[in-house]
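*Asks:* This is what each chain is made of:
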Amino acid sequence: MMLRHIISMKDFSHDEIDIILKRAKDFEPIARGKKSSLLSGKILATLFYEPSTRTRLSFETAMKRLGGEVIDLGSVEKSSVAKGETLADTIRVIGNYADAIVLRHPREGSARMAAQFSNVPILNAGDGAGHHPTQTLLDLYTIMRESSLSNLRIALVGDLKYGRTVHSLAYALSMYHADMTLISPKQLQMPDVIKKDLKKQGASITETTNMEDVLGDIDVLYVTRIQKERFPDPAEYQKVAGIYRVTAELLEKALDNLIIMHPLPRLDEIDPAVDRTKYARYFEQSFYGVPVRMALLAMAMEVA
Amino acid sequence: MKRNETENKTSDCSLKKGMRVRPIKHGTVIDHITAGQALNVLKILGISGTTTAVVSVAMNVPSGVLEKKDIVKIEDRELKEEEVDKVSLIAPDATINIIRDFEVIGKHRVELPENLEGVMKCDNPNCISNTVEPVISKFTVNKKPVELRCIYCDHVISEGIAEHLI
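Keeping their order, the protein sequence lines are chains A and B. Counting from 1, position 172 in the first sequence corresponds to residue 164 in the numbering used here; the numbering is continuous, with no gaps. Counting from 1, position 30 in the second sequence corresponds to residue 701 in the numbering used here; the numbering is continuous, with no gaps.
Hints were generated in silico from the structure; no laboratory data involved. Careful: at least some of the hints might be erroneous.
Unchecked claim - Think about it this way: if two alpha-carbon atoms lie no more than 20 Å apart in a straight line, the pair counts; the simulated SDA-like pairs of lysine to any residue are: (1) Lys191(A) x Lys815(B); (2) Lys2(A) x Val812(B); (3) Lys188(A) x Pro816(B); (4) Lys739(B) x Glu754(B); (5) Lys192(A) x Glu804(B); (6) Lys191(A) x Val817(B); (7) Lys792(B) x Gln108(A); (8) Lys2(A) x Asn813(B); (9) Lys188(A) x Val817(B); (10) Lys187(A) x Arg820(B); (11) Lys815(B) x Lys75(A); (12) Lys192(A) x Arg780(B); (13) Lys188(A) x Arg780(B); (14) Lys75(A) x Glu804(B); (15) Lys814(B) x Asp184(A); (16) Lys187(A) x Ser759(B); (17) Lys2(A) x Lys809(B); (18) Lys56(A) x Arg46(A); (19) Lys814(B) x Arg780(B); (20) Lys814(B) x Ile186(A).
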């Protein structure tokens, strides 16, 4: 039987995404606390080789609210990884204990490789600067719930070069024929190879360095953190840190129905005063990670 | 078929006169290699200094079609199509001739395969295929323009392909 790994958005068709989003909506009451025993008797292993708060805890919450159990690798320093065990071996061992594995790893392609060695489904929770499909699906779900996925006009702002979430999201949005504006400083523009892929999918893309100019023409403003840890040169980071900042004053130019999203954690790119405006949706977005991951867990463990 | 048709037809006069590379009795002749790529061709085929086969290499041989070309002859070994197709990465015009008893019994032009395994190194230093993990590099191949996409990290190699040979 083919295992259903969740590695990259490229593995999903438009129809499959719609099915997951619909399933997530069905799970929302459970995510809010309604009892369920859907995954009772199942065990999820979480392997995080890099720090995570939201992704790890929302996967754990999703699994537990569906009646399942979670085992955790714990800190990498205290596990056999510190003794030099390869990821391939760790995956083969953990696969004997659990029914599915959630993996975050600093190397690009690690989840794809893990899937080759695993006898249980792998759910990619971020592979370096590569993919983060569960974040993308929860972003799509947030747009579906709080705005609309059809005729969408969206601006992605911040680090579009190293930010893995925006690469996956832009790819998925191209399937929905969204009108995308990419806002970033020149040195953090989306890589050509990704833009080429998007255009192949028929995406409509505009690039700019100025956020203010587009605020009156968009339905969703997706803000990302400029990630210090992804920069090879700290001096390069200093040049662009804090370059975009969404403030309540700036939002006076926004359309009434604009929503602001952010994968979190944020630094100073969204002023806390924005949290009190009608536009802010980033905390709802982090909640939606739970029903979406419930849908993925149910799918991976083949529970109808 | 005529005796060693390939060499007599494709090689130039100086080759015939001086017999820079003599005809072989059995084996494989790779002709029309892009000039300067013969050693990389050997590398792709996994033929190193430790080989026991008789291997002849001619470089920068004057050629009517290509102006200059390289030729590689491997004696007593018949290379399979899938083995030599990898050569097209660096020598798209190469032709493969299988020789038995001085006669060309098979001839084909190299063609890019759809996938490449264990031939190239991904040039993303953070790719999982560049670690101690037990994985072999794998790429999907786009033919026009030639682009290799790492199946692990999605990184694309489109330039300096010879530099990425393992």
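*Asks:* For each hint, tell me whether it holds in the structure or not.
*Replies:* Comparing the hints with the structure gives:
1. Lys191(A) x Lys815(B): holds, 17 Å
2. Lys2(A) x Val812(B): With a Cα-Cα distance of about 17 Å, the restraint between lysine 2(A) and valine 812(B) holds, given a limit of 20 Å.
3. Lys188(A) x Pro816(B): The hint holds at about 13 Å.
4. Lys739(B) x Glu754(B): Distance ~24 Å between lysine 739(B) and glutamate 754(B) Cα, so the pair is violated.
5. Lys192(A) x Glu804(B): With Cα atoms ~33 Å apart, lysine 192(A) and glutamate 804(B) exceed 20 Å; violated.
6. Lys191(A) x Val817(B): holds, 19 Å
7. Lys792(B) x Gln108(A): holds, 19 Å
8. Lys2(A) x Asn813(B): holds, 17 Å
9. Lys188(A) x Val817(B): Judged against 20 Å, a Cα distance of about 15 Å means the pair holds.
10. Lys187(A) x Arg820(B): Judged against 20 Å, a Cα distance of about 15 Å means the pair holds.
11. Lys815(B) x Lys75(A): violated, 45 Å
12. Lys192(A) x Arg780(B): violated, 31 Å
13. Lys188(A) x Arg780(B): violated, 31 Å
14. Lys75(A) x Glu804(B): holds, 14 Å
15. Lys814(B) x Asp184(A): Holds: lysine 814(B) and aspartate 184(A) sit about 19 Å apart, inside 20 Å.
16. Lys187(A) x Ser759(B): Since the Cα atoms of lysine 187(A) and serine 759(B) sit roughly 28 Å apart, the hinted pair is violated (cutoff 20 Å).
17. Lys2(A) x Lys809(B): holds, 17 Å
18. Lys56(A) x Arg46(A): Since the Cα atoms of lysine 56(A) and arginine 46(A) sit roughly 15 Å apart, the hinted pair holds (cutoff 20 Å).
19. Lys814(B) x Arg780(B): Given that 20 Å is the threshold and the Cα spacing comes to 15 Å, the pair holds.
20. Lys814(B) x Ile186(A): Distance of about 19 Å is within 20 Å: holds.
In this structure, the hints that do not hold are numbers 4, 5, 11, 12, 13, 16, in rising order.
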